[in-house]
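J.: So the chains spell out like this:
Protein chains: 2
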Amino acid sequence: MAKDEDIYFMKEAIKEAGYAFQEDEVPVGCVIVKDKRIIARGHNQVELLQDSTAHAEMIALTAACEALKSKWLNDCTLYVTIEPCSMCAGAMVLARIKRLVFGCFDPKTGACGSVVNIIHNKKLNHRILITSGILKEDCKIILQEFFKGKRKK
Amino acid sequence: MAKDEDIYFMKEAIKEAGYAFQEDEVPVGCVIVKDKRIIARGHNQVELLQDSTAHAEMIALTAACEALKSKWLNDCTLYVTIEPCSMCAGAMVLARIKRLVFGCFDPKTGACGSVVNIIHNKKLNHRILITSGILKEDCKIILQEFFKGKRKK
Numbered sequence: 001m002a003k004d005e006d007i008y009f010m011k012e013a014i015k016e017a018g019y020a021f022q023e024d025e026v027p028v029g030c031v032i033v034k035d036k037r038i039i040a041r042g043h044n045q046v047e048l049l050q051d052s053t054a055h056a057e058m059i060a061l062t063a064a065c066e067a068l069k070s071k072w073l074n075d076c077t078l079y080v081t082i083e084p085c086s087m088c089a090g091a092m093v094l095a096r097i098k099r100l101v102f103g104c105f106d107p108k109t110g111a112c113g114s115v116v117n118i119i120h121n122k123k124l125n126h127r128i129l130i131t132s133g134i135l136k137e138d139c140k141i142i143l144q145e146f147f148k149g150k151r152k153k
Numbered sequence: 001m002a003k004d005e006d007i008y009f010m011k012e013a014i015k016e017a018g019y020a021f022q023e024d025e026v027p028v029g030c031v032i033v034k035d036k037r038i039i040a041r042g043h044n045q046v047e048l049l050q051d052s053t054a055h056a057e058m059i060a061l062t063a064a065c066e067a068l069k070s071k072w073l074n075d076c077t078l079y080v081t082i083e084p085c086s087m088c089a090g091a092m093v094l095a096r097i098k099r100l101v102f103g104c105f106d107p108k109t110g111a112c113g114s115v116v117n118i119i120h121n122k123k124l125n126h127r128i129l130i131t132s133g134i135l136k137e138d139c140k141i142i143l144q145e146f147f148k149g150k151r152k153k
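Chains A and B, in that order, are what the protein sequence lines are. Counting in this note's numbering, the first sequence runs from 1 upward without gaps. Counting in this note's numbering, the second sequence runs from 1 upward without gaps.
Take these hints with a grain of salt, some might be off.
Note: identical chains are not told apart, hence a pair may lie in one copy or across any two.
To be verified - Once the Cα atoms are required to be at most 25 angstroms apart in a straight line, the calculated DMTMM-like pairs of lysine to aspartate or glutamate come out as:
no., residue 1, residue 2
1, K69, E25
2, K98, E47
3, K108, D75
4, K123, D106
5, K122, D106
6, K140, E5
7, K69, E23
8, K71, E25
9, K69, D24
10, K11, D75
Read the hints as simulated data drawn from the structure, not as lab findings.
Work out the full structure: start from the sequences and follow the hints.
T.: This is the structure:
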């Protein structure tokens, strides 16, 4: 059963996804938590910045490094609404994130088991604890609504 | 045999690695080329920015998107001195880079065949042409010199 704490922070990540939705971006949101406090937030800004690297997680990771003045985020948990892609999963390993919590799986580009598994690759020098499926329906619905709207256009 | 053009641009990437070396960063450098012109450059700035995502390739990819005002870099070739990691390889797939040219392999974190292969994953929706080994000795020597210096400290 999901912990109240995980549900609370995933709701915050979903809020971030909502901001992306309002800005006509694929609605993915992320928060990074240390000692039960949110130290960084991010939502997808690929269209706004016309930068394919501007995923919610990358923005939040850079903000968290800035907040802690550290390239390593050892004691941090990253909450994101959908399974991270290879870029974002790779970035989390580099940043030595302690724990990753995500909502729904991404069968197309997910790099935490769906397409590849970057997070649990034995050859890489850091591994991350994973909890998946937290509020997965809410995380998925906002994406479905977004793409339904796109198809109508 | 390596094409003159690839050697020319790899030398430019090595110049970027040299700037990283001078700044006491792991010496990795990158240039992105379109229509035989360099449109973006980058070198590792992880220590300066205390940001584990600030790899040479990520910096150059964001700069190239900015230069072209486009999230996609379809007709671009990325030159980097060492085999990209999962984060950077994933970012290249997202940006739809056409061709990747790298110098030496990275047996510890390389994501273009060494540890994983993000670039040629059949499930991902874009694949990138790869040329490896261009000026690999020069690319390797600058890294060896850097780590030799570190061990002495």
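J.: Work down the list of hints and note, for each, if the structure agrees.
T.: Each hint, compared with the structure:
Taking identical chains as interchangeable, the C-alpha atoms of K69 and E25 lie at most 25 angstroms apart only when they sit on different chains, with a minimum of 17 angstroms there against 29 angstroms within one chain. For a Cα distance limit of 25 angstroms, the shortest separation of K98 from E47 across copies, 21 angstroms, qualifies, whereas the shortest one inside one copy, 30 angstroms, does not. In this assembly of identical chains, K108 and D75 lie within 25 angstroms of each other by CA distance solely across copies; the values are 24 angstroms between and 30 angstroms within a copy. In this homomeric assembly, K123 and D106 come within 25 angstroms of each other (Cα to Cα) both inside a single copy, at 23 angstroms, and across copies, at 12 angstroms.
Taking the closest pair of Cα atoms, K122 and D106 come within 25 angstroms of each other both inside a single copy (22 angstroms) and across two copies (16 angstroms). Taking CA atoms no more than 25 angstroms apart as the test, K140 paired with E5 passes inside one copy only; the shortest distance there is 20 angstroms, against 46 angstroms between copies. For the identical chains of this complex, K69 and E23 are inter-copy neighbours only, at 18 angstroms across copies versus 29 angstroms inside a copy, given an alpha-carbon limit of 25 angstroms. Proximity of K71 to E25 under the C-alpha cut-off of 25 angstroms is restricted to the inter-copy arrangement: shortest distance 13 angstroms between copies versus 28 angstroms within a copy.
Proximity of K69 to D24 under the C-alpha cut-off of 25 angstroms is restricted to the inter-copy arrangement: shortest distance 18 angstroms between copies versus 32 angstroms within a copy. Taking identical chains as interchangeable, the C-alpha atoms of K11 and D75 lie at most 25 angstroms apart only when both belong to the same chain, with a minimum of 21 angstroms there against 40 angstroms between chains.
Going down the numbered hints, you'll see the structure goes against none, and every one checks out.
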